[in-house]
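Spelled out, the chains give:
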Amino acid sequence: EAGVTQFPSHSVIEKGQTVTLRCDPISGHDNLYWYRRVMGKEIKFLLHFVKESKQDESGMPNNRFLAERTGGTYSTLKVQPAELEDSGVYFCASSQGQVNTEAFFGQGTRLTVV
Amino acid sequence: AQSVSQHNHHVILSEAASLELGCNYSYGGTVNLFWYVQYPGQHLQLLLKYFSGDPLVKGIKGFEAEFIKSKFSFNLRKPSVQWSDTAEYFCAVSPRYSSASKIIFGSGTRLSIRP
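First to last, the protein sequences are chains A and B.
Start counting at 1 in the first sequence, then tack on 88, and there's your number in this note's numbering.
Start counting at 1 in the second sequence, then tack on 1143, and there's your number in this note's numbering.
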């Protein structure tokens, strides 16, 4: 069975450009999460989807970030326009249940804004 | 505020050495505890977890961790490391009966093993 897949693995863009990150969760997992790790610091929660609905987006840093999960399958995270401080590793995870269930992570997308 | 502190940013060991990575957390309630590992170029994966019961938890690849409630600690141990253990290790905590949206991660410890 395929795990959580993220695309691209690396992205280098200029400040002011737009980037879209994609996450394909494990098939059948209703819960999808985005996290971000900036400059080797902690991995921090961004938002949580249950199917196509946003359950919790309290970690989204500002309105330059837009996450979608149309149809409740894969999700995209768009940054527009990108700023230098958006550089980091963006992780996606999925889980079958919510409470006390294991979340399975992807390998992350390394975003560099120059 | 909830937080997780990993004491070492980078640890370098020789093969067959014993490993202990420190982790302390700050949270007022009952918690779930995790250690995740990311091998170079691979997924972030769960190494072991503690929800309740025996505070000494066995994980994959010979790792174990001990939950000491009085010390708010969940240190990771392995008696004899291998070159293949080179990776970054993350300690994490979440409130009991919560989803992955409530997981708080530490800043990670990079482990380098000399062959």
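Mixed in with the good hints there might be a few duds.
[As the list claims (entries may be wrong)] No more than 27 Å apart at the CA atoms, straight line, and that leaves these computed lysine-lysine pairs for DSSO-like:
(1) A:Lys166 with A:Lys139
(2) B:Lys1212 with A:Lys139
(3) B:Lys1204 with A:Lys129
(4) A:Lys139 with B:Lys1204
(5) A:Lys142 with B:Lys1214
(6) A:Lys142 with A:Lys129
(7) A:Lys129 with B:Lys1192
(8) B:Lys1214 with A:Lys129
(9) B:Lys1245 with A:Lys166
(10) A:Lys166 with A:Lys132
(11) B:Lys1245 with A:Lys132
(12) B:Lys1212 with A:Lys103
(13) B:Lys1214 with A:Lys132
By construction, these hints were calculated from the structure, which means they are not laboratory data.
Status of each hint after checking the structure:
1. With a C-alpha separation of about 18 Å, the suggested pairing of Lys166 (chain A) with Lys139 (chain A) holds against the 27 Å cut-off.
2. The suggested pairing of Lys1212 (chain B) with Lys139 (chain A) is violated, with an alpha-carbon distance near 36 Å, which exceeds 27 Å.
3. Between Lys1204 (chain B) and Lys129 (chain A), the direct Cα distance comes to roughly 26 Å. Compliance with the 27 Å bound is thereby established for this hinted pair.
4. With a CA separation close to 34 Å, the supplied pair Lys139 (chain A) and Lys1204 (chain B) exceeds the 27 Å bound.
5. Taken as a hint, the Lys142 (chain A) and Lys1214 (chain B) pair is broken in the structure, with Cα atoms around 36 Å apart against an allowance of 27 Å.
6. Taken as a hint, the Lys142 (chain A) and Lys129 (chain A) pair is honoured in the structure, with Cα atoms around 26 Å apart against an allowance of 27 Å.
7. Of the supplied pair hints, the one linking Lys129 (chain A) and Lys1192 (chain B) holds, its CA atoms being roughly 22 Å apart against a limit of 27 Å.
8. Between Lys1214 (chain B) and Lys129 (chain A) the alpha-carbon distance is near 24 Å, which keeps this suggested pair within the 27 Å criterion.
9. Annotation: proposed proximity of Lys1245 (chain B) to Lys166 (chain A) holds, straight-line Cα distance about 23 Å (limit 27 Å).
10. Taking the CA atoms of Lys166 (chain A) and Lys132 (chain A), the gap is near 17 Å; set against the 27 Å cutoff, the hint holds.
11. For the suggested pair Lys1245 (chain B) and Lys132 (chain A), the alpha carbons sit about 10 Å apart, so the restraint of at most 27 Å is met.
12. A hinted pair counts as satisfied when its Cα atoms are at most 27 Å apart, and Lys1212 (chain B) with Lys103 (chain A) does not qualify at roughly 46 Å.
13. Annotation: proposed proximity of Lys1214 (chain B) to Lys132 (chain A) holds, straight-line Cα distance about 24 Å (limit 27 Å).
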